[in-house]
Amino acid sequence: MPLRLERLENVSPLRHAMAPVVAALVTLVVGAVMFVVLGHDPVRAFTIYFIEPLGDAYTLQELVVKASPLLLIGIGLSFCYRANRWNIGAEGQYVAGAVLGSWLALATHGTEAGPWVLPAMLVFGALGGALWGLIPAFLRVRFGASEILTSLMLVYVAQLGLDYLVRGPWRDPAGFNFPQSVTFDDVALMPLLMADGRLHGGIVIALLAVVAATFVLGRTLVGFSIELAGSAPRAAAFAGFDEKRVTYGVFAVSGALAGLAGIIEVAGPIGQLQPTISPGYGFTAIIAAMLGRLHPVGILVASLVLALTYIGGEAAQITMRLPFDVTRVFQGTLLIAILAADILVRYRIRRVEGTTHA
Amino acid sequence: MGDVPDPPHALLEAVKLTKRFGSLVANDHVSLAIRAGETHALLGENGAGKSTLVKMMCGLLQADSGELLYEGTPIIFPDPASSRAKGVGVVFQHFALFDALTVVENVALGLPGHQPLAVLAARIDDCVRRYGLSVEPYRRVGELSVGERQRVEIVRCLLGDPRVLILDEPTSVLTPDESENLFRTVDLLTDEGRAVLFISHKLDEVRRLCHRATVLRGGKFIAEVNPKQESSASLARLMVGADVPRTPRVAAHALGEPRLLVRQLSVAGDGSRGSALHDINIEVRAGEIVGIAGVAGNGQTTLFNVLSGETRVEDHESIVIDKVAAGGLGPTERRALRAGFVPEERLGHAAAPDMRLSDNVLLTTHGDGQIVKRGVIHRSVLFARFQQIVKGFDVRFGGKDPKARRLSGGNLQKFVIGREVLRDPVLIVVDQPTWGVDASAAAFIRTTLRERAAQGCAVLVVSQDLDELLEFADRVGVMCEGRLTAPVPVAETSREAIGLAMGGAYGTHSAAGEGHHAA
Numbered sequence: 001m002p003l004r005l006e007r008l009e010n011v012s013p014l015r016h017a018m019a020p021v022v023a024a025l026v027t028l029v030v031g032a033v034m035f036v037v038l039g040h041d042p043v044r045a046f047t048i049y050f051i052e053p054l055g056d057a058y059t060l061q062e063l064v065v066k067a068s069p070l071l072l073i074g075i076g077l078s079f080c081y082r083a084n085r086w087n088i089g090a091e092g093q094y095v096a097g098a099v100l101g102s103w104l105a106l107a108t109h110g111t112e113a114g115p116w117v118l119p120a121m122l123v124f125g126a127l128g129g130a131l132w133g134l135i136p137a138f139l140r141v142r143f144g145a146s147e148i149l150t151s152l153m154l155v156y157v158a159q160l161g162l163d164y165l166v167r168g169p170w171r172d173p174a175g176f177n178f179p180q181s182v183t184f185d186d187v188a189l190m191p192l193l194m195a196d197g198r199l200h201g202g203i204v205i206a207l208l209a210v211v212a213a214t215f216v217l218g219r220t221l222v223g224f225s226i227e228l229a230g231s232a233p234r235a236a237a238f239a240g241f242d243e244k245r246v247t248y249g250v251f252a253v254s255g256a257l258a259g260l261a262g263i264i265e266v267a268g269p270i271g272q273l274q275p276t277i278s279p280g281y282g283f284t285a286i287i288a289a290m291l292g293r294l295h296p297v298g299i300l301v302a303s304l305v306l307a308l309t310y311i312g313g314e315a316a317q318i319t320m321r322l323p324f325d326v327t328r329v330f331q332g333t334l335l336i337a338i339l340a341a342d343i344l345v346r347y348r349i350r351r352v353e354g355t356t357h358a
Numbered sequence: 001m002g003d004v005p006d007p008p009h010a011l012l013e014a015v016k017l018t019k020r021f022g023s024l025v026a027n028d029h030v031s032l033a034i035r036a037g038e039t040h041a042l043l044g045e046n047g048a049g050k051s052t053l054v055k056m057m058c059g060l061l062q063a064d065s066g067e068l069l070y071e072g073t074p075i076i077f078p079d080p081a082s083s084r085a086k087g088v089g090v091v092f093q094h095f096a097l098f099d100a101l102t103v104v105e106n107v108a109l110g111l112p113g114h115q116p117l118a119v120l121a122a123r124i125d126d127c128v129r130r131y132g133l134s135v136e137p138y139r140r141v142g143e144l145s146v147g148e149r150q151r152v153e154i155v156r157c158l159l160g161d162p163r164v165l166i167l168d169e170p171t172s173v174l175t176p177d178e179s180e181n182l183f184r185t186v187d188l189l190t191d192e193g194r195a196v197l198f199i200s201h202k203l204d205e206v207r208r209l210c211h212r213a214t215v216l217r218g219g220k221f222i223a224e225v226n227p228k229q230e231s232s233a234s235l236a237r238l239m240v241g242a243d244v245p246r247t248p249r250v251a252a253h254a255l256g257e258p259r260l261l262v263r264q265l266s267v268a269g270d271g272s273r274g275s276a277l278h279d280i281n282i283e284v285r286a287g288e289i290v291g292i293a294g295v296a297g298n299g300q301t302t303l304f305n306v307l308s309g310e311t312r313v314e315d316h317e318s319i320v321i322d323k324v325a326a327g328g329l330g331p332t333e334r335r336a337l338r339a340g341f342v343p344e345e346r347l348g349h350a351a352a353p354d355m356r357l358s359d360n361v362l363l364t365t366h367g368d369g370q371i372v373k374r375g376v377i378h379r380s381v382l383f384a385r386f387q388q389i390v391k392g393f394d395v396r397f398g399g400k401d402p403k404a405r406r407l408s409g410g411n412l413q414k415f416v417i418g419r420e421v422l423r424d425p426v427l428i429v430v431d432q433p434t435w436g437v438d439a440s441a442a443a444f445i446r447t448t449l450r451e452r453a454a455q456g457c458a459v460l461v462v463s464q465d466l467d468e469l470l471e472f473a474d475r476v477g478v479m480c481e482g483r484l485t486a487p488v489p490v491a492e493t494s495r496e497a498i499g500l501a502m503g504g505a506y507g508t509h510s511a512a513g514e515g516h517h518a519a
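Residue numbers (my numbering), protein chains in the order written: chain G, 1 to 358; chain V, 1 to 519.
To be clear, the hints were calculated from the coordinates, so they are not data collected in a lab. In this text, a Cβ means the ideal position worked out from N, Cα and C, and glycines have one as well. Some hints here could point you the wrong way.
To be verified - Sample of chain G residues at the chain V side, in silico, Cβ under 10 Å: (1) 218; (2) 224; (3) 231; (4) 234; (5) 244; (6) 347.
Take these sequences, add in the hints, and give me the full structure.
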């Protein structure tokens, strides 16, 4: 029996706001089934995943550290998604930013360079991400290429480029042939917020981004033009907003924030360049953006939730010998659930009787 | 009204249908019987509940109470497919055709089963001959005029052999000639014993064509009358509940400076029908209303886009707004010259359907320096302007600040016009100011534009409604195939002359030749 989606005329704001909550519940149910199939007690697994990390000061800090790149990238993506531009390549822009920012750290390594190095690295990081993000924007504007495909493909280009650099020209000569750069000088490292903790300056930057994005998206003409271009392109042209400028603009912002997240991560928790600098932050941030309703504050909450799956995943790897892929499954299930919930909030499913199509 | 003749049996009957949307009662115990062999008019203003009633009668909406009778037996249509199966066909105002496909392919998509296209084409030809509809099965829909597309929709309906045919505002997109052809088709259909429900706000048509008319107002059934025994004025009174004001005739006032000068404007087409412009010349002076008549798809959309700045032209001097060469300027820069634009398509072009109405104020006012300062939106100023538009132009809607999509066509149009008028422009360019708008809203919009002109604004109106242009424009030109005849004073031309020039745009080549002659 064929099914059909019908648009609902009236969707209450409450219903709209409930979609992420329902999606989270569905994810938990799917997760429980998965644990049972894997032969684990779901209650114990959930406790390790989602409860225990919250009871420990160190892991709480770690939670915030993991949430901050998700937050930065997610906010950038929300600019794109509001404008109906589907940037799937934040992971690549993250890597590009990390590479360009690190270039400065390596170039000044061992010199007397002063405290200007870190701020300049952040600028370079944002620039690297923005330039990488502008490539799919250019391909779309100039040739009409789907930004979904091009931005995704460029992720692999960026990752392989990074891999080449740390195995080749940028490898630490004194590093016993390990594929990694030298450890950055102190002037090229993110300062810690507390002497004996994990929290670093990047978290402040991420929170500033929340404030700035809330203002830009909610109160300025730029935010309005982004929203309008996504909602009704022809009306946006009529209003005098250039579609190309919007496309370039949102990709530049999105790429810059991803690049910034990349260089903060390298200059912060990691401290050097290595082949893998992200557990998929760029992709997980897509979920954070969608789960957070493309609103900066929502993305803040969503980033913390998703960071919890990373932390819980690490704990489960250790205590339950569950592979990291379980975390990926959680995140993927959550994305599918949120996308489905979004549709089901706005549409209802109706059965079409038999074959009486006439 | 007891003077309606003894009725033939009803094919489809709505009995006391009620439909609520939240607190709004869109239909309040509305009854209507469509009878075999009759053309039944459904009259009412925008928001009177005509669309809601039609949607319930074809299964797009379900009534809250009341029932539908099909040949006297209660029936429920859970969806449009089930009403089609019972022989209820609807031709909506907005067509559901794929531009890239041919006529026959479009028709095939709407029919059950798999018929070879050749067989279907033969059936189309058959239907076309029988009902005097001219449709060529193998032409691409993208190349067709609006009138031709409507005929494709009608043919598609007729191939399903409907017993009841519902036509939603069918003549609003047709030339006088095309309308006549449609009326002949409708007469043939009713002669065969089919029933036609004819939704219109053109009262003269209804009086000529229809055997019966049901009038709705504010969601309520007002009267069923014999339109042939009514005058247009008495029908309008029933619809509106009061006398409809005519647009006050032009009080002679001096014309001022030219506010819009279009000189030798040519635009290359993109290959689709009616996208090129050839050597257009227009002058609109302060205080006058210049009308551009013509059938849809003859370059009006391109002309509007070129004037609004959505499409720029190479020769900057070919468009002059208030003495400034504007051909290379974008929409915001042209608005800064105090020009205002109102596109034909309300949802998606003039307004963003899924944004709140107050946000839609920003579309054309963001460059004026009052609501947006240094890139920051001042919500309180924005909301004040929004209230001003709503109050000053009688824009009605449910809730405080709904999405634009939720407004009826007439109310959204009043909003869009009000948004421009309150910017105090020296030039207004309006494409189809009253398309699909009810009589009283249309009168209000025309009066508003007339008043602006009297206060020294230059107004350019593109319209397919000839009566409208003759009623309130000072000079009228005709567009056909991307060319514009020199606008002449309304007093010095006639319906026939204009109609002939309009018709020149299509049909056979010889007819096109005559049209150019007449132009």
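Hints and how they fare:
1. 218: Because about 9 Å separates residue 218(G) from the closest Cβ in chain V, which is inside the 10 Å limit, the hint holds.
2. 224: holds (6 Å)
3. 231: Residue 231(G) check passes; min Cβ-Cβ to chain V is 5 Å, inside 10 Å.
4. 234: holds (5 Å)
5. 244: violated (12 Å)
6. 347: This hint is violated: residue 347(G) lies away from chain V, its Cβ roughly 14 Å from the closest one there, beyond 10 Å.
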